[in-house]
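If you read the protein sequences in the order shown, they are chains A and B. Note that this note's numbering has the first sequence beginning at 1, numbered continuously upward. Note that this note's numbering has the second sequence beginning at 1, numbered continuously upward.
Note that these hints are calculated values from the structure, not bench results. Please note: incorrect hints may appear among the correct ones.
[Claimed, not checked] According to the in silico footprint, chain A covers these stretches of chain B (three or more CB under 8 Å from chain A): (1) 125-135; (2) 140-152.
[Claimed, not checked] Taking lysine to any residue pairs in the SDA-like style, the calculated list, with each CA pair at most 20 Å apart, reads: (3) A:Lys10 with B:Thr145; (4) A:Lys217 with B:Ile129; (5) A:Lys6 with B:Glu61; (6) A:Lys10 with B:Gly115; (7) A:Lys221 with B:Ala147; (8) A:Lys217 with A:Tyr228; (9) A:Lys122 with B:Gln151; (10) A:Lys221 with B:Thr152; (11) A:Lys125 with A:Asp222; (12) A:Lys10 with B:Arg141; (13) A:Lys221 with B:Ser154; (14) A:Lys122 with B:Ile129; (15) A:Lys213 with A:Asn229; (16) A:Lys221 with B:Gly115; (17) A:Lys6 with B:Gln150; (18) A:Lys10 with A:Ser218; (19) A:Lys122 with B:Pro137; (20) A:Lys6 with B:Thr145; (21) A:Lys122 with B:Thr134; (22) A:Lys192 with A:Ala182; (23) A:Lys50 with A:Arg129; (24) A:Lys191 with A:Pro180; (25) A:Lys122 with B:Leu146; (26) A:Lys125 with B:Ile129; (27) A:Lys217 with B:Glu131; (28) A:Lys196 with A:Trp66; (29) A:Lys217 with B:Thr134.
[Unchecked claim] For each label pair, taking beta carbons as the anchor points, the in silico distance ranges come out as: (30) A:Pro135 with B:Gln151: 34 to 44 Å; (31) B:Val92 with A:Pro92: 50 to 60 Å; (32) B:Lys170 with A:Ile84: 31 to 41 Å; (33) A:Thr91 with B:Arg74: 31 to 41 Å.
Everything numeric in this text was worked out from a predicted model, so none of it was measured. Note that CB positions come from ideal geometry on N, CA and C, so glycine has one too.
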Amino acid sequence: MKDIDKSFRKDTETEFPLREELRPRSVTAPDGQVIEIDPLQDYFCQEPPKVHKQSYFKIVEDFYNWARAHSLWILGFGTGCGAIEMRPLMTPRFDAYRYGIQWRPTPRQANLLVISGYLSVKTLKRAIRAYEQMPSPKYVVGLGSCTINGGMYWDSYNTIKRLDDYLPVDLYIAGCMPRPEALLAGFMDLKKLIRKGKAEGANKYAENFDWYKANQKSVIKDWDMPDYNW
Amino acid sequence: MMRDLHDHLKTRYRLGDLAERRGNLAFVDVERADLRALLVELRDVHGFTHLSLLTAVDWIEEGRFQLTYLMNNRAANRTLGLRVFLDRADPVGDTIHDLWPTAATYQRELREMFGIAFPGSPRVDEEFILEGWTDMPPYRRDFDTLAYSQQTFSDREGRETHDPRSHMAKKLYPEGQR
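This is chain A alone, in the form it adopts within the complex (with noise of 0.2 Å):
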């Protein structure tokens, strides 16, 4: 890569400050009653996910696995230009909804968020915050050649390159961008991992929290929410 500016040094000692009502701060009360606020951790739960355990007996885990692999909501969160490819799917020229699939328009009615192309900074803290607000077990799906290397994407100063670095992936779909059979093909092969007990992501995402907590923040200078914020 020779267009690479050898000397030039990222900024890394400048801190974003706070936005001013999120800062912590003392309120007297009108009857002289003195109050302590932080706004971060007050209107928040704070405590981190856990893993959910696996039945003791297989044969009731598989049949688990078998009802989730029935039961896919998709959260309507297009964050690139691969949500265009998520229209056709849903409306009668490929009708996801024969196999099961259906979108809903909020984090709590969902478990599989599908990140449809680029991710750019500013997006990856709304899709954190839909990933945790989303119930387990969940399922993560990055769409897209932007979410698996940064594609086209790969000298954006804004545009993170590895979705797995942030957020814990069960699938891949390669394409630039794949067209809607694929991406029914990929919900199939979601299907069987889920059917297998592989797609753990979930679980996964509980166990390196801390690992996925540094790298979110690596990147993203305004940390203006909780830690985590279901």
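Starting from the structure of chain A, add chain B where the hints point.
Structure of chain B alone, referenced to chain A:
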């Protein structure tokens, strides 16, 4: 027609030479002190009512920024670009948000991407597109986006880059003959 306008304006403003790109598209260098009066006159007298674009160019070798105000006369189908040069070491531009409200958005973008200050422009110091950006403004030419991305994001193994010319030559002519 653009030349007539240029000759007409040249009597009262310090203008550079007219650089004509097409019959109805031309650019002209103006002094920063004349900019506002010129914009108002072009808008109110000569029918250039639409500010198509306000953007900047980083002439790092010459140590200056160029602001381009692209003005459009819809009725006559003419576009005139005014070029103003700012010192790169201390880039401060004059806000024109009271002439065109849309200019405030352009000025916010220029503030964030080039670091050009526009004192008095509404919400100009707030974040526009980037969030939590602590490095130098990314559209400046001394900002190396490839080096930044390599120092920020991790690569996945196995990614190769081929120069298309040499790669195809090797693939089509393995022995080296053409």
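Now the hints, each set against the structure:
{"no.": "1", "hint": "125-135", "result": "holds (count 7)"}
{"no.": "2", "hint": "140-152", "result": "holds (count 11)"}
{"no.": "3", "hint": "A:Lys10 with B:Thr145", "result": "holds (10 Å)"}
{"no.": "4", "hint": "A:Lys217 with B:Ile129", "result": "holds (19 Å)"}
{"no.": "5", "hint": "A:Lys6 with B:Glu61", "result": "holds (19 Å)"}
{"no.": "6", "hint": "A:Lys10 with B:Gly115", "result": "holds (17 Å)"}
{"no.": "7", "hint": "A:Lys221 with B:Ala147", "result": "holds (18 Å)"}
{"no.": "8", "hint": "A:Lys217 with A:Tyr228", "result": "holds (12 Å)"}
{"no.": "9", "hint": "A:Lys122 with B:Gln151", "result": "holds (18 Å)"}
{"no.": "10", "hint": "A:Lys221 with B:Thr152", "result": "holds (12 Å)"}
{"no.": "11", "hint": "A:Lys125 with A:Asp222", "result": "holds (10 Å)"}
{"no.": "12", "hint": "A:Lys10 with B:Arg141", "result": "holds (14 Å)"}
{"no.": "13", "hint": "A:Lys221 with B:Ser154", "result": "holds (17 Å)"}
{"no.": "14", "hint": "A:Lys122 with B:Ile129", "result": "holds (9 Å)"}
{"no.": "15", "hint": "A:Lys213 with A:Asn229", "result": "holds (12 Å)"}
{"no.": "16", "hint": "A:Lys221 with B:Gly115", "result": "holds (19 Å)"}
{"no.": "17", "hint": "A:Lys6 with B:Gln150", "result": "holds (11 Å)"}
{"no.": "18", "hint": "A:Lys10 with A:Ser218", "result": "holds (13 Å)"}
{"no.": "19", "hint": "A:Lys122 with B:Pro137", "result": "holds (16 Å)"}
{"no.": "20", "hint": "A:Lys6 with B:Thr145", "result": "holds (12 Å)"}
{"no.": "21", "hint": "A:Lys122 with B:Thr134", "result": "holds (14 Å)"}
{"no.": "22", "hint": "A:Lys192 with A:Ala182", "result": "holds (15 Å)"}
{"no.": "23", "hint": "A:Lys50 with A:Arg129", "result": "holds (17 Å)"}
{"no.": "24", "hint": "A:Lys191 with A:Pro180", "result": "holds (16 Å)"}
{"no.": "25", "hint": "A:Lys122 with B:Leu146", "result": "holds (19 Å)"}
{"no.": "26", "hint": "A:Lys125 with B:Ile129", "result": "holds (14 Å)"}
{"no.": "27", "hint": "A:Lys217 with B:Glu131", "result": "holds (13 Å)"}
{"no.": "28", "hint": "A:Lys196 with A:Trp66", "result": "holds (9 Å)"}
{"no.": "29", "hint": "A:Lys217 with B:Thr134", "result": "holds (14 Å)"}
{"no.": "30", "hint": "A:Pro135 with B:Gln151: 34 to 44 Å", "result": "holds (37 Å)"}
{"no.": "31", "hint": "B:Val92 with A:Pro92: 50 to 60 Å", "result": "holds (57 Å)"}
{"no.": "32", "hint": "B:Lys170 with A:Ile84: 31 to 41 Å", "result": "holds (37 Å)"}
{"no.": "33", "hint": "A:Thr91 with B:Arg74: 31 to 41 Å", "result": "holds (39 Å)"}
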